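A.B. asks: Take a look at the letters that make up each chain.
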Amino acid sequence: MFGLIGHSTNFGDAKRKALELGYDHIADGDLDVWCSAPPQLVEHVTVTSAVGKTIEGAYIDSCFVPEMLSRFKTARRKVLNAMELAQKKGINITALGGFTSIIFENFNLLQHKHVRNTTLQWERFTTGNTHTAWVICRQLEINAPMVGIDLKKARVAVIGATGDIGSAICRWLNNRTEVGELLLVARQQKPLLELQNQLGSGQVMSLEDALPQADAVIWVASMPKTLQIDPNCLQRPCLMIDGGYPKNLDSKFSGDGIHILKGGIVEFFKDIGWNMMQLAEMERPHRQMFACFAEAMILEFEECHTNFSWGRNNITLEKMDFIGEASVRHGFSTLNLKNQIQAAMA
Amino acid sequence: MQTLESSSVDLVEAKDSATALLPDFTTELYKDAYSRINAIVIEGEQEAHDNYMAIASLLPDQEEELKKLARMELSHMRGFTACGRNLGVKADMDFSKKFFSPLHNNFQEAFSKDKLPTCFLIQAILIEAFAISAYHIYIPVSDPFARKITEGVVQDEYLHLNYGQEWLKANFETCKDELIEANKVNLPLIRSMLEQVSKDAAVLHMEKEDLIEDFLIAYQEALTDIGFNTREIARMAASALIG
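For the record, the sequence lines run as chains D and Y. Mapping the first sequence onto my numbering, position 54 (from 1) lands on 54, and the numbers just tick up by one. Mapping the second sequence onto my numbering, position 49 (from 1) lands on 395, and the numbers just tick up by one.
Derived by calculation from the structure, the hints in this document are not laboratory data. Keep in mind the model is a prediction, meaning the values are calculated, not measured. Do not take every clue at face value.
Stated by the list, open to error - Derived lysine to any residue pairs resembling SDA-like cross-links, with alpha carbons at most 25 Å apart:
hint : chain 1 : residue 1 : chain 2 : residue 2
1    : Y       : 515       : D       : 42
2    : D       : 73        : Y       : 485
3    : Y       : 522       : D       : 21
4    : Y       : 530       : D       : 24
5    : Y       : 444       : Y       : 494
6    : D       : 88        : Y       : 515
7    : D       : 113       : Y       : 573
8    : D       : 89        : Y       : 555
9    : D       : 89        : Y       : 573
10   : Y       : 545       : D       : 76
11   : D       : 89        : Y       : 501
12   : Y       : 414       : D       : 117
13   : D       : 73        : Y       : 584
14   : Y       : 530       : D       : 73
15   : D       : 89        : Y       : 515
16   : Y       : 554       : D       : 115
17   : Y       : 530       : D       : 22
18   : Y       : 554       : D       : 90
19   : Y       : 515       : D       : 90
20   : Y       : 554       : D       : 108
21   : Y       : 545       : D       : 22
22   : D       : 88        : Y       : 414
Unchecked claim - Far from chain Y, by Cβ distances over 12 Å, these chain D residues were calculated:
hint : residue
23   : 23
24   : 121
25   : 193
26   : 304
Cβ coordinates follow ideal geometry from the N, Cα and C atoms, glycine included.
Full structure from sequences and hints, please.
C.D. replies: Rendered as structure tokens:
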């Protein structure tokens, strides 16, 4: 069985969803009530892949909402309790979706292996970052030519280049594609220079300097809240892939020739009988999902029960090859500009 | 997924929280709070002993097993009494008797009417879940002596919880309605007990939020195992969340 640990995108949505699911007493509660609400296994699902393999899965809502991010202990407890529930339900491989993996990584939850009488088995969990990185790379390769960008001549900025996903994307683009030039952007200079050294190419730049030069921008870090960018200074055409969470680039950038694509999203080849992706505000919730969630499904399809994506900067090209090949074989495709436009018109 | 913009701030907070984990066990403030918390634990174990002895009289064929459990609760009580002595604290037993009296009275009433499912719900599910969740949260912030005692107790408490669950599970169909009714009456008492204890618990570095969530996890697990479905449990557990 595969599992997905997710959460609502905001408190208002969480309350509405709780009401729909029949948790009406909790739905009425304030944020303090939600801070004490235990994780819930809200849905079971059966999925058959394009090659006919059938698997079972479950969606666990951690009852975390982004409004709890400032409460360190609450956020930590929400993630650990949801992971414990997944393990107790006997789920083989569970993806940490949304803020779950971010909290796990940033709050160093590796040191919290014991939850009550349960010892968490890390091999049962995956961040899903390998698949996310592979999907974003493919989204760039597929969509850049569609908007008139020749990748061989293009400058591609990776914002958040030293993170787990960002560094994997840089390695892939450097080794598996013929991208003109990589512009490497991150907050800290030292790891950036190390990355540049490992890659043997790429320019280290500030965000302000990189954006006006980039034909394509891959965002895998959240945007500084204070950042003000004049869209007139951007290249035309410019492809922006929003690989961050939550996905809010379209509220910051718009204009002719600026193409914004939701990054790290995949579409399954047929409808899945679940309601869970409505929580994640997918445009086609019966088919679309975060690539990190899809990674858990792919690993279950492949019977590869291991923490495939784990820790920082462990994503190799070989792992990306493996997950990418399996992704396509089992019926996943990347979200592209064309799908996005069609969904918006539907 | 990408990193948080505010990650540096959050990590500083995380480190501070880790270093400031243990309270000062020697302050008057701590000892004063401990006098009530310790008394609650001692009284809770005494209640458990008495309740299992009472249940034993309703289940003659399992009398020996239940009496064994009751004796175990008494040994827990002695362990926790030693914890108070170790810190030089006199447990405030008047407070704890009053604290448990509503639940105590409900158990006695159910017992007098031979309502075994209600008796089991109060003792084997509610009180045990309350105790286990509190002990789990107490262990990381306890003094070394109390830590050893409490860790040993937790292992035993899991046996008790399972015992009550097993009986209710085996008799689920016939006792479901009574359990729903008993939950409605008694779960709000647990919520009110958590509220009463929250200030003193905070002095011991046990947060109310943690206590409620951990209690609900233990309680929901027990209800799931007994046979309730997710929606029934959500409805049943709601009164523990909404004060």
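A.B. asks: Under the constraints set out in the numbered hints, which ones does this structure not fulfil?
C.D. replies: 5, 7, 14, 18, 21, 22 and 23
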